[in-house]
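Chemist: Going down the list, the sequences are from chains A and B.
If you want our numbering, it's the 1-based position in the first sequence plus 83.
If you want our numbering, it's the 1-based position in the second sequence plus 1.
Simulated from the structure, these hints should not be mistaken for laboratory data.
All of these numbers come straight from a predicted model, not from anything done at the bench.
Virtual Cβ for every residue (Gly too), placed ideally from N, Cα, C.
Please note that a few of the clues may not be correct.
To be verified - Facing chain B, from chain A, some residues (calculated, C-beta under 10 Å): (1) Tyr123; (2) Glu128; (3) Asp131; (4) Ala148; (5) Glu180; (6) Ala202; (7) Glu204.
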Amino acid sequence: MKVNPNLKYDQEHEWIRVEGKEAVIGISDYAQDQLSDIVYVELPEVGDTFEKGDVLAVVESVKAASDVYMPVDGQILEVNTRLEDSPELVNQDPYGEAWFVRISLDDPSQVDAMMDAAAYESYLEGLEE
Amino acid sequence: MDYVPHTEADREAMLAAVGVEQVADLFDPVPAAYRFPELALPDPLSEMELMGLLQAMSEENLDTNHFPSFLGAGAYHHYVPRIVDAVISRNEFYTAYTPYQPEISQGTLQATFEYQSMICALTGMEVSNASHYDGATATAEGVIMALNATRGKRRKVILSPTLHPEYRAVVRTYLQGMEIEIVGDEVTGLDVAALESTTRRLVDLVDKDTACLVVQMPSFLGQIEDLAGVADRVHAAGAMLVVVTNPVALGLLKPPGEYGADIVAGEGQALGNGLNYGGPYLGFFACLKKDVRKMAGRLVGQTVDTEGQRGFVLTLSTREQHIRRERATSNICTNQALMALAMATHMAALGPTGIRKLAELCYHKAHYAAEQIATLDGYQVVNSAPFFHEFVVRCPHPVKDVNEYLLEEWGILGGYDLGRHYPALENHMLVCVTEVVAREEIDALVTALDEAGAEVVR
Numbered sequence: 084m085k086v087n088p089n090l091k092y093d094q095e096h097e098w099i100r101v102e103g104k105e106a107v108i109g110i111s112d113y114a115q116d117q118l119s120d121i122v123y124v125e126l127p128e129v130g131d132t133f134e135k136g137d138v139l140a141v142v143e144s145v146k147a148a149s150d151v152y153m154p155v156d157g158q159i160l161e162v163n164t165r166l167e168d169s170p171e172l173v174n175q176d177p178y179g180e181a182w183f184v185r186i187s188l189d190d191p192s193q194v195d196a197m198m199d200a201a202a203y204e205s206y207l208e209g210l211e212e
Numbered sequence: 002m003d004y005v006p007h008t009e010a011d012r013e014a015m016l017a018a019v020g021v022e023q024v025a026d027l028f029d030p031v032p033a034a035y036r037f038p039e040l041a042l043p044d045p046l047s048e049m050e051l052m053g054l055l056q057a058m059s060e061e062n063l064d065t066n067h068f069p070s071f072l073g074a075g076a077y078h079h080y081v082p083r084i085v086d087a088v089i090s091r092n093e094f095y096t097a098y099t100p101y102q103p104e105i106s107q108g109t110l111q112a113t114f115e116y117q118s119m120i121c122a123l124t125g126m127e128v129s130n131a132s133h134y135d136g137a138t139a140t141a142e143g144v145i146m147a148l149n150a151t152r153g154k155r156r157k158v159i160l161s162p163t164l165h166p167e168y169r170a171v172v173r174t175y176l177q178g179m180e181i182e183i184v185g186d187e188v189t190g191l192d193v194a195a196l197e198s199t200t201r202r203l204v205d206l207v208d209k210d211t212a213c214l215v216v217q218m219p220s221f222l223g224q225i226e227d228l229a230g231v232a233d234r235v236h237a238a239g240a241m242l243v244v245v246t247n248p249v250a251l252g253l254l255k256p257p258g259e260y261g262a263d264i265v266a267g268e269g270q271a272l273g274n275g276l277n278y279g280g281p282y283l284g285f286f287a288c289l290k291k292d293v294r295k296m297a298g299r300l301v302g303q304t305v306d307t308e309g310q311r312g313f314v315l316t317l318s319t320r321e322q323h324i325r326r327e328r329a330t331s332n333i334c335t336n337q338a339l340m341a342l343a344m345a346t347h348m349a350a351l352g353p354t355g356i357r358k359l360a361e362l363c364y365h366k367a368h369y370a371a372e373q374i375a376t377l378d379g380y381q382v383v384n385s386a387p388f389f390h391e392f393v394v395r396c397p398h399p400v401k402d403v404n405e406y407l408l409e410e411w412g413i414l415g416g417y418d419l420g421r422h423y424p425a426l427e428n429h430m431l432v433c434v435t436e437v438v439a440r441e442e443i444d445a446l447v448t449a450l451d452e453a454g455a456e457v458v459r
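Construct the complete structure from the given sequences, taking the supplied hints into account.
Modeler: Below you can see the structure in the form of structure tokens.
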């Protein structure tokens, strides 16, 4: 399972990449692998505001529908509309093409508290035991 | 597929797991007196005696095969061609359910696919699901879908007062507890003229908090309203237009998809299904492709297998049960497969020109009846808007009394008492005429109404 070294992660398998006062959010390679073939992604609308832990999106695979949680507080600036027509991108390129949303960060310190790649890798190892 | 029951060992393992010795112990919480109550049942009958008893009971009914009926109001008596029974009685089809391993039943899926395709052609929509329970629940699913398609942010639903009163009640039942504001269908004081122009008034209620406007076409009062421009007004506010319609009328009327409907729902009983004492019926449901993920129910699709051969699959497969579960936008995954097959068979037997001819027959017979009734003293045909196969007649006496006279003196089943739902329409009868009613029977109704006008004493 790939873990992108340049991202931060949370225990629900979301990743976040900070770009100034903004951030991009997606789900990890582990998450897409667990879900198997993804057939639909339900995204929020631009302008929606969420608190950490709110349901941000729903990912539907051939096996299950799973919530994607907001890892930090913020407002939606942009959603990746390509996922609506090509949900398989989440399986193919979870850290790149298949980003979910771009947000404005309310509190950048919330990102600092998230796991870095090394911590996330050992978290995954713990899950597999 | 074989039925494999639990073995004795299975049962013992399960009993041990829950910590009881025998199945009867599971019923201990029910007080003993209620566990096996004495039922005051009559002595058993032989099959022959029983059939005689049931035959005698059924002959007490006044059925539409023996009494001409002018009763519609959502349930319509049409001729069901013999081929419908011949097809649906095949044992490959004769079940009410989509099989739980659907792809093994290619014929069932193909039939549903054809049903969906014909519903799309009739309504002018892009997608049809495999059906709902009835017109009322299909309408309620349309409202729920509109609420979900607008992401639950819009909390207002506008219902037309000329949407079937029972459908409005079912929508309210479905929405209870969801804190949705339902407006528009207050009927107190509304006469026929007010009801005929109701959609113009309702469009003014559409705002940024409105999820959908639901109208019925032809309306519950039978009228054909000009809905041109309505969809644009609704869409301009970001809301959806739900059109509830009658599939037979669509043989003659413009498909709702052509005037901007986002969702088309309705009762499919009129095609291929008898009156059946009010059920089983089927609700048809169609929408646009962009909203298909918000649609309840099942969707059968056509595809090709690994060898390139045509095949049918559940394209949106039992998602509520297996995949979305508590995240589903509706928990309805049952469809009325057998009733939908009956409707599809009737539609296929008629073809596009046949459905048009059927609609024309209903239209012309109803208009002949209205013209005749309008000449009677004491009666008035109140509609000013064009109507399809139902129209409103103001009677000189309460509808109940008139209907009693028609039935007792003439053996005619009269129309629907609109005063039951519209206070301003006391003494107003909704008269329905379909192709099964003969001209002589219409003439008999006219004579009978004339007599009733003179004879009925309050």
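Chemist: Give a verdict on every hint.
Modeler: Structure-based check of all given hints:
1. Tyr123: holds (6 Å)
2. Glu128: Given a least distance of 7 Å, the restraint on Glu128 of chain A holds.
3. Asp131: holds (9 Å)
4. Ala148: Since chain B brings a Cβ to about 4 Å from Ala148 of chain A, closer than 10 Å, the hint holds.
5. Glu180: violated (21 Å)
6. Ala202: For Ala202 of chain A, the interface hint is violated, since the closest Cβ of chain B sits about 30 Å away, which is over 10 Å.
7. Glu204: Violated. Min distance 30 Å.
Hints 5, 6, 7 from the list above are not met by this structure, while the remaining hints are.
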